[in-house]
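Number of protein chains: 2
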Amino acid sequence: MTANGQIGIVPRDFIEACYGRPVRRRPIWVMRQAGRYQASYRAVRERHSFEEVCSTPELACQVTLQPVREFDLDAAILFSDILVVFPPMGLPVHFADGGPKITEPIRRADQISRLARLDPERGVGFVLAAIRQIRAALPPSIPLIGFSGAPFTLACYAIEGTTSRDFTVARRFFHEEPRAAEQLMTHFTNGVADYLAAQIAAGADAVQLFDSWGGLLSAEDYRVLVVPHLQTILDRIRKPGVPVLLYAGGTAHLLQPLADVPFDVVSVDWRTRLRTAATMCREATAIQGNLDPVALFAPPEEIARRARAIISEMDTTDKGHIFNLGHGILPDTPEENLRTLVAAVHGVPPK
Amino acid sequence: MTANGQIGIVPRDFIEACYGRPVRRRPIWVMRQAGRYQASYRAVRERHSFEEVCSTPELACQVTLQPVREFDLDAAILFSDILVVFPPMGLPVHFADGGPKITEPIRRADQISRLARLDPERGVGFVLAAIRQIRAALPPSIPLIGFSGAPFTLACYAIEGTTSRDFTVARRFFHEEPRAAEQLMTHFTNGVADYLAAQIAAGADAVQLFDSWGGLLSAEDYRVLVVPHLQTILDRIRKPGVPVLLYAGGTAHLLQPLADVPFDVVSVDWRTRLRTAATMCREATAIQGNLDPVALFAPPEEIARRARAIISEMDTTDKGHIFNLGHGILPDTPEENLRTLVAAVHGVPPK
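So the sequence lines, in the order shown, correspond to chains A and B.
So the first sequence is numbered by this note's numbering: it starts at 1168 and just counts up by one.
So the second sequence is numbered by this note's numbering: it starts at 1168 and just counts up by one.
It is possible that part of the hints are untrue.
Where chains are identical, the list cannot tell them apart; a pair therefore holds if satisfied intra-copy or between any two copies.
[Stated by the list, open to error] Taking lysine to aspartate or glutamate pairs in the DMTMM-like style, the calculated list, with each CA pair at most 25 angstroms apart, reads:
1) Lys-1268 with Glu-1213
2) Lys-1268 with Asp-1499
3) Lys-1268 with Glu-1469
4) Lys-1406 with Glu-1288
5) Lys-1268 with Asp-1333
6) Lys-1518 with Asp-1264
FYI, nobody ran anything at the bench for these hints, they're computed from the structure.
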């Protein structure tokens, strides 16, 4: 029996798969599983803004639990946003319909030295409170995943000021102001490490770093500019039994630099073949992914066929596999189609 | 001496490199080389809209020639837009500042059968006229590259109706209406083949297919949905001495399916290592690329260092190499920095 009592005695396939250990059934959760595709989420959002849901522990807890109750998912993920750490660092954010807007984006080196260090309990205490509530409300068999944006992705938003296809303003800053960019990366690295450690202390059973825009860098730039920071974060948050996952979008070319960092799980999108990811990652690294979210608009038999194809590709390897989408589930996805996917994944006996 | 007289006797390094033959100096051109980063282009655009420049042969000719005169580039590329073929097919387009808007995007199968087949001379005669003027005005040593959007990228715009980060509406259509999507791909394949053949007949010395959004598909989907159409286009436009180039963005994962199609040149962005591209492409295929456009904001010595790194990577292979950016040159790029890049590329002796 582990220190946290009953949680230690129930099988938690998601955690087992993160460590490449045998599972009762192949675990599945989906990115943005609490979201607009759910009638129950839309009902909450009719009465509360996105920011309210993020910053009110009771609401964040409610929407985090909804998909776990409505679908047969194997993990819960904290409902929050990677940019909630910005305001307490001195970067006010407005969450608009077209994406977040940072009031004063970082464009000059002197703005960086004025950023505040994140004190998680004071700055984002509402997230830690939500984690405590969710963990208390979740069945012991369902792990709770905490998360944070990775430093490069946070830097992309802080500099660009909004979302973007290519983040050229942000990426250009790394070339024009390389020292300032490195200072910003260090600032975010410290903040992310403290934030994730606090999430783990509050009860998160696993944490996922989202480097959503890492794939915009070349492999060499990623190795030089990003990888050392990811290593620092890992060193500072590692705790036995709490897996650390990395999601990076558009990553086929980043698998090589990423192999230097001992993440427990690397999560790839549909553009990277799972077999390629499995071959290129470290031996102990499990793989998460990778159905294209648009495939959830196909007929049920096609959804199931694609799920089985992904599973059989992973089954040619000896790695742990957590089924997921390659990106967040789309707002218009029929709920029934997610149910079809979950049943298809659970229907294939684990290796 | 070839049929076209004097053109045959002057060395044209761009064409030679496309076929992997020896060159006097390593050729370089850059995508969107006629564009807003140039004072001379902005001067034209102060008096004429983007649509006017595209549709007026004299203006298209003028802006096509400007970068060739101002920089020591080894090829000219027709100034046009991949969507000029849409209106004559029955898909009106408005070119707004935020990108093109298709008035009535394709969302239902019955819209596809009503599309008109493209008659290049009647529908986009202004492009063919521009090509004739440009070819007559260019020095014989400078080849003229014509171009077209590839069928999948055209389908992305036709369905989505505008530009997008993920083209989820369009990609979803391929799952919801697979037969209609295939019909649309066939329609565009016919149009593109006729259009490129007409460009070659009008005097284009090479043609490039832009599959800018192909990288949004998984390798398997690209192989099934796109590759057969690319093969059809190649079969229909092949002409001795006129190389066919393919640019596909975010393609590290597409090199395997692309190896089935005998393009003369595959152009990759900065996210694919040239050595990887060279290894995975067919033996006879030359490689084009791949400096990250944001690197043109670095100091001159860093621009030159990155150019030399790309060149030395290609020099470990025995393939033809055309230097280019990994994507279009950015509007704010200092002209001087492009000059630095061109000099750096030409400064390294060819293999």
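For each hint, the structure was consulted:
Proximity of Lys-1268 and Glu-1213 under a CA criterion of 25 angstroms is satisfied intra-copy only: 22 angstroms inside one chain copy versus 31 angstroms between copies. Proximity of Lys-1268 and Asp-1499 under a CA criterion of 25 angstroms is satisfied in both settings, with 24 angstroms inside one chain copy and 22 angstroms between copies. For a Cα distance limit of 25 angstroms, the shortest separation of Lys-1268 from Glu-1469 qualifies neither inside one copy, at 38 angstroms, nor across copies, at 32 angstroms. Proximity of Lys-1406 to Glu-1288 under the C-alpha cut-off of 25 angstroms is restricted to the intra-copy arrangement: shortest distance 20 angstroms within a copy versus 68 angstroms between copies.
Taking identical chains as interchangeable, the C-alpha atoms of Lys-1268 and Asp-1333 lie at most 25 angstroms apart whether they share a chain (16 angstroms) or sit on different chains (20 angstroms). Proximity of Lys-1518 to Asp-1264 under the C-alpha cut-off of 25 angstroms is found in neither arrangement, the shortest distances being 43 angstroms within a copy and 53 angstroms between copies.
Violation of the numbered hints given earlier is confined to hints 3 and 6; the remaining hints are satisfied by the structure.
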